[in-house]
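4 protein chains.
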Amino acid sequence: MHPKVLSAVAVDVKRTELWEIEMPEIPPDAGLLKLEAAGVCGSDWPAYLQKASGPRILGHENVGTIARIGAVAQKRWGVKEGDRVALEEYLPCGHCATCRTGEFRLCDATDPWMGGIRYGSTPVTVPPSLWGGYSQYQYLHPNSVLHRVPDHVPAVEAALALPLGNGIEWVSTEAGVGVGKTVVIQGPGQQGLGCVLAAKAAGAAYVIVSGLSADHKRLELARRLGAGYTVDVQREDLRSRVTEITGKKMADVVIDVSSGGPATVTSAVELLRKRGVLILAGKKRQAIPEFDSDRLIQRCVTLKGVRGHSYASVERALELIASGNHPLSEMCTHQYSLREVDDALKTTGGAGSPGAIHVTVLPWR
Amino acid sequence: MHPKVLSAVAVDVKRTELWEIEMPEIPPDAGLLKLEAAGVCGSDWPAYLQKASGPRILGHENVGTIARIGAVAQKRWGVKEGDRVALEEYLPCGHCATCRTGEFRLCDATDPWMGGIRYGSTPVTVPPSLWGGYSQYQYLHPNSVLHRVPDHVPAVEAALALPLGNGIEWVSTEAGVGVGKTVVIQGPGQQGLGCVLAAKAAGAAYVIVSGLSADHKRLELARRLGAGYTVDVQREDLRSRVTEITGKKMADVVIDVSSGGPATVTSAVELLRKRGVLILAGKKRQAIPEFDSDRLIQRCVTLKGVRGHSYASVERALELIASGNHPLSEMCTHQYSLREVDDALKTTGGAGSPGAIHVTVLPWR
Amino acid sequence: MHPKVLSAVAVDVKRTELWEIEMPEIPPDAGLLKLEAAGVCGSDWPAYLQKASGPRILGHENVGTIARIGAVAQKRWGVKEGDRVALEEYLPCGHCATCRTGEFRLCDATDPWMGGIRYGSTPVTVPPSLWGGYSQYQYLHPNSVLHRVPDHVPAVEAALALPLGNGIEWVSTEAGVGVGKTVVIQGPGQQGLGCVLAAKAAGAAYVIVSGLSADHKRLELARRLGAGYTVDVQREDLRSRVTEITGKKMADVVIDVSSGGPATVTSAVELLRKRGVLILAGKKRQAIPEFDSDRLIQRCVTLKGVRGHSYASVERALELIASGNHPLSEMCTHQYSLREVDDALKTTGGAGSPGAIHVTVLPWR
Amino acid sequence: MHPKVLSAVAVDVKRTELWEIEMPEIPPDAGLLKLEAAGVCGSDWPAYLQKASGPRILGHENVGTIARIGAVAQKRWGVKEGDRVALEEYLPCGHCATCRTGEFRLCDATDPWMGGIRYGSTPVTVPPSLWGGYSQYQYLHPNSVLHRVPDHVPAVEAALALPLGNGIEWVSTEAGVGVGKTVVIQGPGQQGLGCVLAAKAAGAAYVIVSGLSADHKRLELARRLGAGYTVDVQREDLRSRVTEITGKKMADVVIDVSSGGPATVTSAVELLRKRGVLILAGKKRQAIPEFDSDRLIQRCVTLKGVRGHSYASVERALELIASGNHPLSEMCTHQYSLREVDDALKTTGGAGSPGAIHVTVLPWR
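Residue numbers (the numbering used here), protein chains in the order written: chain Z, 1 to 365; chain U, 1 to 365; chain B, 1 to 365; chain V, 1 to 365.
Worth flagging that the hints you see were computed from the coordinates, not collected in a lab. The model shown is predicted, which means the values in this text are computed figures rather than measured ones. Some clues are possibly wrong.
No copy is singled out in the list; a pair is fine if it fits within one copy or between any two copies.
[Said to hold, decoys possible] The calculated DSSO-like cross-link candidates involving lysine-lysine, where the alpha carbons are at most 27 Å apart (straight line), are:
| no. | residue 1 | residue 2 |
| --- | --- | --- |
| 1 | K80 | K248 |
| 2 | K75 | K249 |
| 3 | K51 | K284 |
| 4 | K283 | K14 |
| 5 | K284 | K274 |
| 6 | K249 | K200 |
| 7 | K51 | K283 |
| 8 | K75 | K274 |
| 9 | K248 | K75 |
| 10 | K80 | K249 |
| 11 | K51 | K14 |
| 12 | K248 | K274 |
| 13 | K4 | K34 |
| 14 | K284 | K14 |
| 15 | K14 | K34 |
I would like the entire structure built from these sequences, with the hints used as guidance.
And the structure:
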């Protein structure tokens, strides 16, 4: 094993450096992951633009093989050296009421803003430094949440486990989409396309995806992934289209994963039928200037703020990926080496190479 | 039977006249209710202040005995002349997809804004005129939804069936409150107090009710109905109090039935724990100026706009009333005769006699 | 319109006669259906073998066009003469607590054993006699539950609305099957194959269908409808196969629609993982000799007895049929004229032409 | 601290000896509990009658204070030396799919029959021996599930946390009992009485408890805990009584916690209304000779085998106990010292002192 680990460290706003970090000691209840691929999440872009509390290795959609594992961890996790796994970003405590009721992603220990640690967020000043995926190796903390990945799955597709897990969580578990439902998905990025797959898998009758003119390639892919209809909101009125497509029945569910501005929240309410559900997953980073809560009452509409995925949804995601039944390779648009992590981030943020959907860092390339 | 029916007709904004209306013919699938009591709903006050499409008999929390019934209706409804019933305000079609799935209160036929008819809303110009409860008799349309009322229940308490049914619907069915939950109820009016009873009945561990200084009598009654804590928001900070009472765990559920202004919606979100549910039942009649939808995402909070009650909730409400286990008579603060309907409405709206919680019109007084 | 209606009347055990029945008067709240197709349900076979309380027209999976409709019914049902509809077998009262909560198929009025009337069961001695589908016309009682059928759907496929509606009800609504689940379906008849379609539509990962050697054609069709695996229980051990296919995870859900004998209930429990659900839909007509209820406790297993379909499930079924995405025509194996109703029944019961899955009577052939 | 721990070890069928066991070393991720009280579960009686795989310390309803705790455990569990806790019997792995979805009580690691360890079951040959509650000290394994117990709660009442947690789990979570429901509880032992409390807490309108003539003291206590009706099945016909009490509506839910024989399962089905739920929690240790599964179909009845409690239900139970609102001390009928563990077990099993409901061993008495 290499005595030093090569890692791409975000040292400042929009600046990444290659560092050599000491290979850590592995205690009996921990392990070490040799990365194969680390997906670039949409949230990595704002993280990259922000002044952080210290240098850190970004990257939390991580897939690799177990390079080392302590005896206790091996027994607890049920994996051994050489096994292939996908990691969740969360490091839940496992003992609080939240963890005990299966909602571990909401455990305070997973929340960097409450002093918790999280893959892809925690600075290198916290030992043993290797907290992110844009690196040859990642430390496997005792609280890691792992999923087995079959050998035949390409690494770049396995790195979709978390965004696709989000789609399944939001569409099936949170919104309750099932056979015959009508779903509108606002925003055709990696999360939105994950929702398209999830909605089709769950039996939705109508899947309608909206985006901007600049999204036309993404909208095309949405159709190949199963969306029956796509709407360019700069050329067509979304409400009129949904009215027409559904024969005035409107949508059972709207998933808002767009990040443009708050207007999509207000307009989404009008796409819903009575008793409809609006899933809010895309942060706006600004307040809605005029929000009519009475409209929710008149139409008995539910708004649900959601975040991340459950264990079961990531398992489901990996099964869908492993089935080979979906053109997921088309979502994997760009791959970069460790030296090119700045490019990977810029491409994801729309400030680099065009046409990005899901970008991956391949640390050993 | 009297050849003419005495009814209090709202002829213009804040003006009610006593009219004599022709006793209607009763077709085989319809009936006639002799009113005992008609509760004044909080929504009657804005209705009273609004220019309507025509003169109408207000009053939709109606209790009485079957005075006449057609042979078809008798078989369908399972009641006969002399039986005592409480009426729902809705007249659902019974045949659309909404009715067929038990959600009849959302049937388009129940919606006056879509050309539907509804007790307490439909003008006297629609034959046979007797559509409201502030009247000696009310026409029982073939689509009526009736509930049996035991003989021993005082009429003024039976007239609480709908507001208390709302409480049960919102607290149990919509918010899922069960044993050990913490519930904050914003607004101690008749709807809010109905929610207090419903929350206690469902096993909530902490029931906290907030109101204004002017509500101090209502807050006292809230405590007698089972609220463990009441908070005068003009003297205490609600968030601090909820933090303190719950040991920082915050609320599982907030029910907002206040009608003051939009501020309660924004502040309610901050009373909730992660995964909390905010039930919106009080209309604001104005937009929220700065609504932070990202806050819902951060805390995984659900906002649910709700309206009215299901059949089952009204049945549950009548059982609670009939049990005699709750000091419901204290909610019944004012009773008026048909000649005093203007006073009844003003008292409900806070522009008449003080101390109103639930006001009733007794048409035969 | 014809002054007389030609109907196939089951006059005795295994004996059907063609009768000419008086065309009924149609009251304002009723109608008349001109039949296009009447599916033969599996339950028609035991009905055909039983001594009934009087002669009756069997057939309750009925599709046709509205031949006549009263003014009241036209408004209530939202259909007019010439419209194409599928009928449910139930005639619910619409006013009891069961109907008001969306569970109308359990309304006492739908239950012939409680004096209710039902299409395909009620004797011709109850006026106006035309209660079944093996007839040129069927009376549309005021309590009829209708579904619109698009013009492009072949009548024999539309006649699958009820069995496929059952599949959706049992698989999705009752068993909660969703994305990634493993479902075993015992019995590859029309109900079982409806469950296959429903399970695939709901996103089940593994659909395993078991049957006898004589069912090999049905098992083949099960695979074409989406089942990944079929098991001939006379040649293979079902439990071993499920263990192997699922990698020892076993099934989330077993649907038992077989009618052979009680053994399938006991064995089904052993196919389930902890917390699994066994849906009982196939009647055994005999008791289970040794039933180990402790086994349900050890494995936290749920047994659910189910019957029929909700309104929503039949709507979903008609959408799936209308989509044209499934090889449903292959389920439609046999069609008979009114004169051949005895053959239709025998073929369904396995006592006539071989290879039957769904048999239809075409009354105007 | 004492160098030796005094423990009551079940060495053979119906034979307990006092042993002095070595005080264990406590690793950083473990702890040691000084017991205050150990409840005797109904299941301890059959365990006591059975030939086991080795000597073991029974007792798994354990309450005490943290005597020692490792640094890692202190941080993970959020407790420190001197804190008062109640323990669950389960030692879940925390990492498998079952644990990750909140169902840790079904984790294979909790199952002694699959090689797992469990408090009150694991033999003393497994180091460090102190696996049960009938002992001065109990080892706190790293996988322990703890609940905080307020100081003011008497230890014998705190020892009700698990049986009452079962009641809440079965009545609320499994059966969905809420406001206005009718619940029949078959068997007035500690589990049944826990169900009575849970049903009242959840707002059940009718709580009916059945038992034998010998149970008359227990039935009396059931009434004091909130049951409206009790039925001695040796003097009255339970079905007739339920019919009468409910005005023929029958029960929404039956909880069968009786252990007599299989007859209660068959008869329970007949107490249910359509769509009713039968919770099976009492093991019969023999098969039901004639079980009519068709009856479940006719009445759309659900049978649910259940076992144990979730984390949340035990928290709810401790809140109910701490509230002081219920006459729980009356359930605490007998207390024994370590020297009297044989008596404690015999009293629980009905072979010792009469009138037992909940028996507790007080190890320091």
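Do the hints match the structure? See the list:
no., hint, result
1, K80 - K248, "between (55 Å within a copy, 20 Å between copies)"
2, K75 - K249, "between (53 Å within a copy, 20 Å between copies)"
3, K51 - K284, "within (19 Å within a copy, 40 Å between copies)"
4, K283 - K14, "within (21 Å within a copy, 46 Å between copies)"
5, K284 - K274, "both (25 Å within a copy, 19 Å between copies)"
6, K249 - K200, "both (19 Å within a copy, 25 Å between copies)"
7, K51 - K283, "within (19 Å within a copy, 42 Å between copies)"
8, K75 - K274, "between (50 Å within a copy, 22 Å between copies)"
9, K248 - K75, "between (56 Å within a copy, 20 Å between copies)"
10, K80 - K249, "between (52 Å within a copy, 21 Å between copies)"
11, K51 - K14, "within (9 Å within a copy, 60 Å between copies)"
12, K248 - K274, "within (12 Å within a copy, 35 Å between copies)"
13, K4 - K34, "within (13 Å within a copy, 48 Å between copies)"
14, K284 - K14, "within (21 Å within a copy, 44 Å between copies)"
15, K14 - K34, "within (26 Å within a copy, 56 Å between copies)"
When each numbered hint is compared with the structure, no violation occurs for any of them.
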